[in-house]
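A.B. asks: Please take these sequences and the hints and turn them into a complete structure.
Residues in the sequence shown are numbered from 55 upward in steps of one, following our numbering.
For the record, the hints were derived by calculation from the structure and aren't laboratory data.
Any given hint might turn out to be false.
As the list claims (entries may be wrong) - Distance windows between CB atoms, simulated:
| no. | residue 1 | residue 2 | range |
| --- | --- | --- | --- |
| 1 | L210 | G99 | 34 to 40 Å |
| 2 | Q145 | A63 | 19 to 25 Å |
| 3 | T75 | H205 | 22 to 28 Å |
| 4 | A126 | R201 | 19 to 25 Å |
| 5 | D190 | A96 | 33 to 39 Å |
| 6 | P61 | V109 | 24 to 30 Å |
| 7 | P132 | R58 | 28 to 34 Å |
| 8 | Q209 | P61 | 35 to 41 Å |
| 9 | P93 | R203 | 14 to 20 Å |
| 10 | L210 | G117 | 20 to 26 Å |
| 11 | K104 | E135 | 27 to 33 Å |
| 12 | R202 | L79 | 22 to 28 Å |
What the hints assert, rightly or not - Keeping only pairs whose Cα atoms sit at most 16 Å apart, straight-line, the calculated EDC-like set for lysine to aspartate or glutamate is:
| no. | residue 1 | residue 2 |
| --- | --- | --- |
| 13 | K204 | E59 |
| 14 | K204 | E219 |
| 15 | K204 | D192 |
| 16 | K104 | E116 |
| 17 | K204 | D190 |
| 18 | K104 | E133 |
| 19 | K141 | D192 |
From the three backbone atoms N, C-alpha and C, an ideal C-beta is built for every residue, glycine too.
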Amino acid sequence: MALRELPPAPRLLDIGTHDGTVFRLTGASGVGIDPELIPAPALPGVTLVKGFFPVDLPARAEGTFDAATALAVVEHVPEPELWTWAKELAQLLAPNGVFVITVPAPAVDMLLHVLMRLHLIAGIEAHQHHGFRPGDLDTIFTAPLWRRRKHRRFQLGLNHLYVFERAPN
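C.D. replies: Set out below in structure tokens:
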């Protein structure tokens, strides 16, 4: 669902890239960054960085990327850091570039905690979600730097898709 929101063959910044899957699925070039980066075969035009956005991202010129993604990532980021993300991404994305986000609904945390107590799942990092509310994204990614292009719920309302567009200069 999120990949449909990307322009064709974009110059992409994938935050929380894991192993670069988004690059393989889209044919995009660019940079993937993740503190828990999984080694993966090299991809032409793609640099994978083990680290945190934005502090570990190698220096890039303004407008370097056409799009950025953070799929199931922002709920792990403390809100003050997301304000920094909004400013940093606005510099890195070209005007009218898109930032595509997926984030679980708050009810997912309750479901995960119940499933963990019942020992039906393990290894989920729900404690890292720190009470994140998806609607806060509309406050963080706001004018004059951003405008929301799309918001929709999916997977029975348990997840949200947000697409924010970098305002033209």
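A.B. asks: Falls inside 34 to 40 Å, the C-beta gap from L210 to G99?
C.D. replies: 37 Å, holds
A.B. asks: Straight-line Cα separation of K104 and E133 no greater than 16 Å?
C.D. replies: 22 Å, violated
A.B. asks: CB of D190 to CB of A96, is that within 33 to 39 Å?
C.D. replies: Check passed, 37 Å falls within 33 to 39 Å.
A.B. asks: Tell me if the beta carbons of K104 and E135 are separated by a distance inside 27 to 33 Å.
C.D. replies: Cβ of K104 to Cβ of E135: about 18 Å, so the range 27 to 33 Å is violated.
A.B. asks: Kindly confirm whether 22 to 28 Å is satisfied by the beta carbon distance between R202 and L79.
C.D. replies: 24 Å, holds
A.B. asks: Can the suggested window of 24 to 30 Å be confirmed for the beta-carbon pair P61 and V109?
C.D. replies: 27 Å, holds
A.B. asks: With the threshold set at 16 Å, check whether the alpha-carbon distance from K141 to D192 stays at or below it.
C.D. replies: 14 Å, holds
A.B. asks: For a C-alpha distance cap of 16 Å, please report whether K104 and E116 respect it.
C.D. replies: Status violated; Cα separation ~22 Å.
A.B. asks: Could you say whether the range 19 to 25 Å given as a hint is met by the Cβ separation of A126 and R201?
C.D. replies: 23 Å, holds
A.B. asks: Has the hinted range 28 to 34 Å been met by the Cβ atoms of P132 and R58?
C.D. replies: 29 Å, holds
A.B. asks: Would you check the hint for K204 and E219, treating anything up to 16 Å between C-alpha atoms as holding?
C.D. replies: 9 Å, holds
A.B. asks: With 14 to 20 Å as the target window, see if P93 and R203 comply at their CB atoms.
C.D. replies: Violated, at about 34 Å.
Hints 8, 9, 10, 11, 16 and 18 from the earlier list are contradicted by this structure; the remaining hints agree with it.
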